[in-house]
Amino acid sequence: MRLVALRAAQFRRFSDGVAIDHISPGVNLLAGPNELGKSTLFEALEAAFLVPHGTGGARLEGFRPRGGGEPLVEVDFEAGGARWRIRKQFGRGKTAILTNLDTGRVEARAGEAEAQLSRLTGTGEGPGRIGLAWVRQQRALQAPDLDVDPVTGKAKTRGEANALTGLLAQEVVEAAGSGLAEDILAHARAELGQYMTSGRDVPKRNGPYDTALKAREAARSDLMRAREVAAASEARLVQIADLTARLRDLEDPLSAADLARRIEHLSKVIAAAQANRDHCARAASDLKSRRLEAQAARDALDKAKAAQGREAELKQALSAAQALGAEIAELAKAFNANGATPQRAAQLENARALFTREQQALEGMSTFVDIAPAEGAQGKIEADGAPVMHAARLPVRERLTLQIAGIGSIRVISSDAEQAAQIARRRDESHKIIARLLEEMGVADDAQACAKAAQRVDTGVRLDALRLRFVEVAPRGIAVLETELSDLAAVHAQCDEARLAAALEDGNAAVRAAQQAYESMVSEGVNEDRFRVMTGELDGARREFARRQEEARRTSELLERLRGEQAGVDEEGRAGEVERLLGLLEQAEEAVRRYETDIAALKLLIATLARAIEDVRTRYLEPVTNALLPYLKQVFPGAGVAFRDSFSLQALTRAGEREDFASLSDGTREQLAVLVRMGFAGLFAARRAPVPLVLDDPLVYSDDERLNAMCAALNEAGRSYQIVVLTCRQTAFTALDAHRLTLAPWTGS
Amino acid sequence: MAFRFIHTADWQIAKPFARFPAQLAGELAAARVSAIKRIAGIARGSGAAHVLVAGDVFDNDRLDALTLRRALEHMRAESDITFLLLPGNHDPAKAGGIWERLVRLGLPGNITVLDAARAHAVSAECTVLPAPLTSKSPGRDPTEWMADAQSAPGQIRVGLAHGSIQGFSSDGESTAPIAPDRAARAGLDYLALGDWHGTTRIDARTWYSGTPEPDRFPDNDPGNVLAVAIEGAGAPPSVTVVRSAQFTWIKREVMLADAADITALDARLSGLSPALASVLLRLRVSGSLTLADAAALRQWQESFEGRVRHLELDDASLSVRASAQDLAIAGEDGALRDAALALAEISNDVAHSDSAAATRALQMLYAFAAKVRQEAS
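As given, the protein sequences belong to chains A and B, one line each in that order.
Heads up, the first sequence stops at 761 in the numbering used here, and the numbers go up one at a time, no gaps.
Heads up, the second sequence stops at 379 in the numbering used here, and the numbers go up one at a time, no gaps.
Here chain A stands alone, though its shape is the one from the complex:
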């Protein structure tokens, strides 16, 4: 197919009709500013070929101009060796008319026109090959995948892959042939799917392989348990045999009797030894008593001897004490009879001194009366009642009454009378004291008193000396001496020294006898070490006896328990299952091996088939790649491309490096997308089913160099098939050797 002319009226921004009347077979360029309506023209083109004239709803509304109107498109094109015109009126008066321009005949209308158009252009279940070659604005950046809605970018059946497959029918048939390989692959995958979880390569839960694996695991653990039971059983049997033998030993009547005899013998020997030990203890105690008794006898004899000496001593002391006592008594009497006690002597001396002083004081007084009795008149004058016998000077201390008999009395009153009276009284007092003391002392005067006092002191001294001696002789007095002496005498009277000495002799003999008895007893018995050894042996034998009994009891209990356990195991034959379980395990392992063999074979089959199918696909993708390569090398010299089996571009290979499409830069992606479309268009052209390549505002991200390279590629492609480039960048495509399209008004008729 090749476009010749395009016209539109009442279509979106074209309220007025517009026409492109000469579209060349090679490269065409419609360059114009924004808002010129390039994309509207692209849509009008799509509307003519791909949208049924009866379309309605949003789609129809999308076609209508803003001011309203009924959209009309008309395209002249060449296809199948003829020139055609399709005219579609949308909305009110909707219709489609297909006219053969060569004959000028209307070939078909409405639905029939649509159907024939579809045949001519190779559209059908979708845009088909047109979809492969007509690239909308903004679509260029997306991967050039097939059967993708250009608006939403989602997968949509557009017949594009089918168009390619149809084109490559021969290769595809040769490759895929009958589809038998795919069928077998599906069978193999289904079969493997019974065993393995798809994708994760693990056994499918509860699938036969999984079940076999589990059965093998169960068989293994059963076998392990059975082996444990068997081993335990074996060990238990060995233990039972050992214990049975041991119990026989323990219960052996001969060895038990032996032990009993030994215990009896030891008991007897030890009892005898024990009796001897008791005798020894008694002899030792006897010896001790004898020794004490002998000691007592010795003490008594010593005491008697001591008492004898003491008695003599006491007697001597008593007589001395008695003599001293008499002397003391005598002296004491004299001493006591002597009134010139030192106290009195001192009082006397004191009183004498007072008296003298008072006398002198009285004599010192001024008032005196000298009396001189006339001869014969002695005594006639009485001074204070005392007859004056001779001349005397009389002091008047206070007053002095002179009585002269028959004459009267004269009272002399001293001015110191008072004082004198007092002194006088004191002198008299002293005098009286002196007199009393002298009297008491039994002396007439002071001299005597003094002598007597000295005598008394002398007696005292002698008395003290005697008393000292007395105390030496009889410190506790004569009475005590006498008592002691009388006691001793009593003792003495009782003690018979000879008898005591005999008793001591007897005691000593008893000690010797006891000593001998003890020593002989000791020599007869066993010594302490031996005794300890023997009692130790007896204890050991008794313990051994008890231990054997206890061990026999415990052994027979243990045996009973073990026999019971073994009987339980034997009853079920659990210990004998090892061989059977070994067989089961072998069976289980065989099953696993079988499945694993099958799984390995299936995997190999699947991998081999998948690879073969893939290789064949690669082979039928070859034409696509080959169609693309001439253009590719102009933009990306030395590069290669890889397609998936859905004809979608997978990667660009440069210098041996494989780059996923998605990882490429914007510019590279849009260039590749265009190149792939060019490849598709080239392939269609080469296979005599040409389709024009229509690019709406392409290569917006490309730098000048790449743009020029792309233009060169497009120029070359333009020699093989028709290309229409719509762009707003008038200078960008100067390198494009293109026929410039222009818009002309169109009336719609």
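Hints are computed from structural coordinates only; laboratory data are not their basis.
Everything numeric in this text was worked out from a predicted model, so none of it was measured.
A virtual CB, placed ideally from N, CA and C, is assigned to each residue, including glycine.
Honestly, I wouldn't trust all of these hints.
Said to hold, decoys possible - Straight-line distance between alpha carbons at most 27 Å, and here's what the computed DSS-like set of lysine-lysine pairs gives:
| hint | chain 1 | residue 1 | chain 2 | residue 2 |
| --- | --- | --- | --- | --- |
| 1 | A | 327 | A | 317 |
| 2 | A | 280 | A | 300 |
| 3 | A | 345 | A | 315 |
| 4 | A | 315 | A | 327 |
| 5 | B | 39 | A | 615 |
| 6 | A | 216 | B | 373 |
Unchecked claim - Computed list of chain B residues with no C-beta within reach of chain A, every gap over 10 Å:
| hint | residue |
| --- | --- |
| 7 | 27 |
| 8 | 62 |
| 9 | 99 |
| 10 | 122 |
| 11 | 146 |
| 12 | 233 |
| 13 | 250 |
| 14 | 276 |
| 15 | 277 |
| 16 | 278 |
| 17 | 290 |
| 18 | 345 |
| 19 | 348 |
| 20 | 353 |
| 21 | 365 |
Guided by the hints, dock chain B onto chain A, whose structure is given.
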């Protein structure tokens, strides 16, 4: 008057056969117990009142009580026959072992357990000298004592032992080596041996009876008992081999090259035995078959399995090749042809680690292709 007895051994009652399918295992195990009845019948037929079992009466010494009771009951039922049982290496006479348990369960009057190396008077004219094993591997000749064993003059002396004759090839299991000239040295009229499962004559007076019921695919002649008659002390024994087996175990190897070989194989195997249904067959195939022929072999196997009691087909040594004709199944399908060729190449390369898997994969491919074709038609 001649002393007649049956010499048998290696009953191995309760052998599990667990690697066989459960039902077959059960039948094989049952056949070992029912052998008691068959042996008793043979004894009656040959005028013998005694069955001497030369060890391994039981497969192992820890069997369950029910199995033991069942065996005892089978013997008790043959009340006119006396069974003399000797402990072997599978059922040695140990403390707390199987023979003590049997005694506890209550031995029928017609069973004598010979668990001590002591002369045992069987009848007025015959003394049996048993050599019981007391452990799995005694490591000594248990028959040594027989030379010194006294018996009344004129008595027939029959030795009963379990072990391998020195110098005689065994399966290496026994460690009870028996002097080959024991019968002569111990003045035995007959030495009845057990342990070797095939019936074997060592000399005129020394025999292995073999097991009465085969228990493996044999290299020798199992499945018999010996009917022995001795006219008197010193007289040469008369030994008759009598078939006692219920199942026939057969091992065959065959090399296959094409479909014709398979047909021939079928004819040969069909004539193996009139009682194919009691045959257990192990068939080892080698050679090389095309995919189509391998599929035919598989088909033959499936049909023949129904005719014998058990068939084991070991095709580990069989190589399968994809012939041009086989590959025609791919038709015009390039991918399928490529895959089949790739697999055939790996399969033919025996050094390749996936060689076996590739062979199997080829067979699968072939089978799947047939199936797809069938579904399509």
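Legend entry - Given as non-interface: residue 27 of chain B, partner chain A, CB spacing beyond 10 Å: violated (8 Å)
Inset, instruction - Take a quick look at residue 278 of chain B and tell me if its Cβ sits farther than 10 Å from every Cβ on chain A, holds or violated. - result: Fine: 24 Å to the nearest Cβ keeps residue 278 of chain B off the interface.
Inset, instruction - Compare the distance between the alpha carbons of residue 280 of chain A and residue 300 of chain A with 27 Å, and conclude whether the hinted pair is satisfied. - result: violated (30 Å)
Legend entry - 27 Å Cα cutoff - pair residue 315 of chain A, residue 327 of chain A: holds (19 Å)
Legend entry - Cβ separation check - residue 290 of chain B to all of chain A, threshold 10 Å: holds (18 Å)
Legend entry - No chain A beta carbon within 10 Å of residue 277 of chain B's: holds (26 Å)
Legend entry - Given hint residue 315 of chain A paired with residue 345 of chain A - CA-CA distance at most 27 Å: The hint is violated at about 43 Å.
Legend entry - Restraint status (C-alpha distance of residue 216 of chain A to residue 373 of chain B at most 27 Å): Holds, at about 24 Å.
Legend entry - Outside-interface status for residue 348 of chain B - nearest CB in chain A farther than 10 Å: Non-interface label fails for residue 348 of chain B: nearest chain A Cβ at 8 Å, not farther than 10 Å.
Inset, instruction - Examine each Cβ of chain A, and state whether all of them lie more than 10 Å from the Cβ of residue 233 of chain B. - result: holds (42 Å)
Legend entry - No chain A beta carbon within 10 Å of residue 146 of chain B's: Label holds. Min Cβ-Cβ 24 Å, cutoff 10 Å.
Legend entry - Non-interface claim for residue 250 of chain B, where every Cβ of chain A lies beyond 10 Å: About 21 Å separates residue 250 of chain B from the closest Cβ of chain A, which puts it past 10 Å; holds.
Violated hints for the displayed structure, listed by number in ascending order: 2, 3, 5, 7, 8, 9, 18, 19, 21.
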